[in-house]
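Could you build the full structure based on these sequences and the hints that come with them?
So the sequences go chain by chain: D and Y.
Our numbering numbers the first residue of the first sequence as 1 and each following residue consecutively.
Our numbering numbers the first residue of the second sequence as 120 and each following residue consecutively.
The hints are simulated quantities; they were obtained by calculation from the structure and are not laboratory data.
One or more hints might be untrue.
[Claimed, not checked] Calculated pairs, SDA-like style, for lysine to any residue (alpha carbon to alpha carbon, straight line, at most 25 angstroms):
id, chain 1, residue 1, chain 2, residue 2
1, Y, 241, D, 29
2, D, 109, Y, 241
3, Y, 267, Y, 278
4, Y, 241, D, 32
5, Y, 382, Y, 172
6, Y, 241, D, 28
7, Y, 241, D, 26
[Unchecked claim] So these bits of chain D aren't anywhere near chain Y, every CB distance computed over 12 angstroms:
id, residue
8, 24
9, 39
10, 57
Just so it is clear, CB atoms sit at the ideal spot from N, CA and C, and this is done for glycine as well.
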Amino acid sequence: MINQPDGAALLDVARRTLMERLLPALPPDEAYAARMVARAMGIAARELQRAPAGDADDAAAIARFLEQAGKGDLAADERTLSRLIRERQLPEPAQPALVELLMTLTRRKLALSNPRFPS
Amino acid sequence: MAAPEAALADYLRRECRAQSVDVLEFSRLTGGAIQDNHGLTVRMTGGTHPGEHHFVVRSDAPSRIAASLDRSQEFQVLKAAHEAGLTVPQPLWLCTDPGVLGRTFFIMQRAEGSSAPASFLKAALDPGQARALTRRLGGELARLHRVKPPRADLEFLTRPPEPAALHRVRSYQHALDQIDEPHPVLDWALVWLADHLPAAHDLVLCHCDFRTGNYMVRDGQLSAVLDWEFAAWSDPYEDLGWLCCRSWRFGAREREVGGLGDKTDLFAGYSAVSGHPVDGPAVEYWEIMGLVRWSVIALQQAQRHLSGEEPSLELALTGRMLPEMEFDLLEQIGHLTAASTHRQPEAPS
Numbered sequence: 001m002i003n004q005p006d007g008a009a010l011l012d013v014a015r016r017t018l019m020e021r022l023l024p025a026l027p028p029d030e031a032y033a034a035r036m037v038a039r040a041m042g043i044a045a046r047e048l049q050r051a052p053a054g055d056a057d058d059a060a061a062i063a064r065f066l067e068q069a070g071k072g073d074l075a076a077d078e079r080t081l082s083r084l085i086r087e088r089q090l091p092e093p094a095q096p097a098l099v100e101l102l103m104t105l106t107r108r109k110l111a112l113s114n115p116r117f118p119s
Numbered sequence: 120m121a122a123p124e125a126a127l128a129d130y131l132r133r134e135c136r137a138q139s140v141d142v143l144e145f146s147r148l149t150g151g152a153i154q155d156n157h158g159l160t161v162r163m164t165g166g167t168h169p170g171e172h173h174f175v176v177r178s179d180a181p182s183r184i185a186a187s188l189d190r191s192q193e194f195q196v197l198k199a200a201h202e203a204g205l206t207v208p209q210p211l212w213l214c215t216d217p218g219v220l221g222r223t224f225f226i227m228q229r230a231e232g233s234s235a236p237a238s239f240l241k242a243a244l245d246p247g248q249a250r251a252l253t254r255r256l257g258g259e260l261a262r263l264h265r266v267k268p269p270r271a272d273l274e275f276l277t278r279p280p281e282p283a284a285l286h287r288v289r290s291y292q293h294a295l296d297q298i299d300e301p302h303p304v305l306d307w308a309l310v311w312l313a314d315h316l317p318a319a320h321d322l323v324l325c326h327c328d329f330r331t332g333n334y335m336v337r338d339g340q341l342s343a344v345l346d347w348e349f350a351a352w353s354d355p356y357e358d359l360g361w362l363c364c365r366s367w368r369f370g371a372r373e374r375e376v377g378g379l380g381d382k383t384d385l386f387a388g389y390s391a392v393s394g395h396p397v398d399g400p401a402v403e404y405w406e407i408m409g410l411v412r413w414s415v416i417a418l419q420q421a422q423r424h425l426s427g428e429e430p431s432l433e434l435a436l437t438g439r440m441l442p443e444m445e446f447d448l449l450e451q452i453g454h455l456t457a458a459s460t461h462r463q464p465e466a467p468s
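Here is the structure:
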């Protein structure tokens, strides 16, 4: 078992140290790199907090959509969606549900990579 | 090989038939994966250019993106843009002799100002200046788009073998095929783009990277349009769409033209020079194309990190920007689809 504080908590406090103590002391040319480091740490921390339940949620949402679209026998992942869209195999009535699904998946990715987007 | 300062002084002495050339300053301006830019300040006596001059020396970087122009090609494009009356640094001399700097370079006048979006987008410009600058950008593009093929001096520029929009859709599809990670939103956007091809326009000289970040502003006014290495013969709406694309608004999302101003002013500036009204829906189509293009570029940049070819935090993080472009695609295409159900479908072109 992992001792506390865990990886996500360590990344969080390390990120705050970087932003609050190190960044003001850095020459302006290096500030951009420091902000990138902070961003990478933020993404990694959020991923650690989410997994693995989030992946299961995505798969369940895709499975529900495929079932409705009459493609319930296919693997419930983004690769399947990608192929069906490209090959235009999804019937017109499934389009609104498809757009809704794609937006749901995209919002979940944003919650990890940039929760403040699009504001 | 001599130090670059001495080599450049010798080169200028020959080119300008100067009696003497003193290098007062020579320093790196901006780094890029594609080219190196150095500021060069000289004082010359006699010859064609006596006096003190501020130049930029732009040379090929050791590695360059295959799709971009090399420096001698970019020099020709810059000359054509300058002759067409665009606000660009005046191109002066091209040197293809590797004996001078070890690689091809050209020298142009140095424009003053800043191209960093943060330096002029937020608060730094008053509303009147922002409107005038937006209008000015439209005029610049319209002037550029008066340059049309064939041109013997620009014969190296690529020309799409089919309507530009269709060609872009196919090449982005092909680029996505090379990337293993699935991106259903991009596939979906490409299907939409293929199903909504706009009427094609005659090919014109396009900048192909005309956006906030690639032009310089000084005292609230345009001082130079930069970075011509992606120029190509294309549909003029590609440039207008790229400038308005949601990805280049730098936090000011409500200002559709590069985070700077409104389309009304951009289109007015364009029309005043071109003599034709701007087709708003065609601009929006090419904005969607721009989002897909930037997505493909971002994926390719991430790939350079992932493959180990060029480990880089910046390239890695660029790959994680994809959901932002995908969100914008879903939202913008959603708006367009909702709007089109309220009007008659357009006749196929």
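Tested hints:
The straight-line distance between the Cα atoms of residue 241 (chain Y) and residue 29 (chain D) is roughly 21 angstroms, inside the 25 angstroms bound, and the hint therefore holds. Taking the CA atoms of residue 109 (chain D) and residue 241 (chain Y), the gap is about 29 angstroms. The hint is violated against a cut of 25 angstroms. At most 25 angstroms may separate the alpha-carbon atoms for a hinted pair to count; residue 267 (chain Y) and residue 278 (chain Y) meet this at roughly 11 angstroms. Only pairs whose Cα atoms come within 25 angstroms are accepted, and residue 241 (chain Y) paired with residue 32 (chain D) is accepted, the gap being roughly 18 angstroms.
About 38 angstroms separates the Cα atoms of residue 382 (chain Y) and residue 172 (chain Y), which puts this hinted pair outside 25 angstroms; it is violated. Distance restraint check for residue 241 (chain Y) and residue 28 (chain D): the Cα-Cα separation of roughly 19 angstroms lies within the 25 angstroms cut-off, and the hinted pair is therefore satisfied. With a CA separation close to 24 angstroms, the supplied pair residue 241 (chain Y) and residue 26 (chain D) stays within the 25 angstroms bound. Listed as outside the interface, residue 24 (chain D) is consistent with that label: its C-beta sits roughly 18 angstroms from the nearest C-beta of chain Y, beyond the 12 angstroms cut-off.
Its closest Cβ contact with chain Y, about 6 angstroms, brings residue 39 (chain D) to no more than 12 angstroms, contrary to its assignment away from the interface. With a cut of 12 angstroms on Cβ distances, residue 57 (chain D) stays outside the contact zone with chain Y, its closest approach being about 16 angstroms.
Going through the hint list in order, the structure does not satisfy hints 2, 5 and 9.
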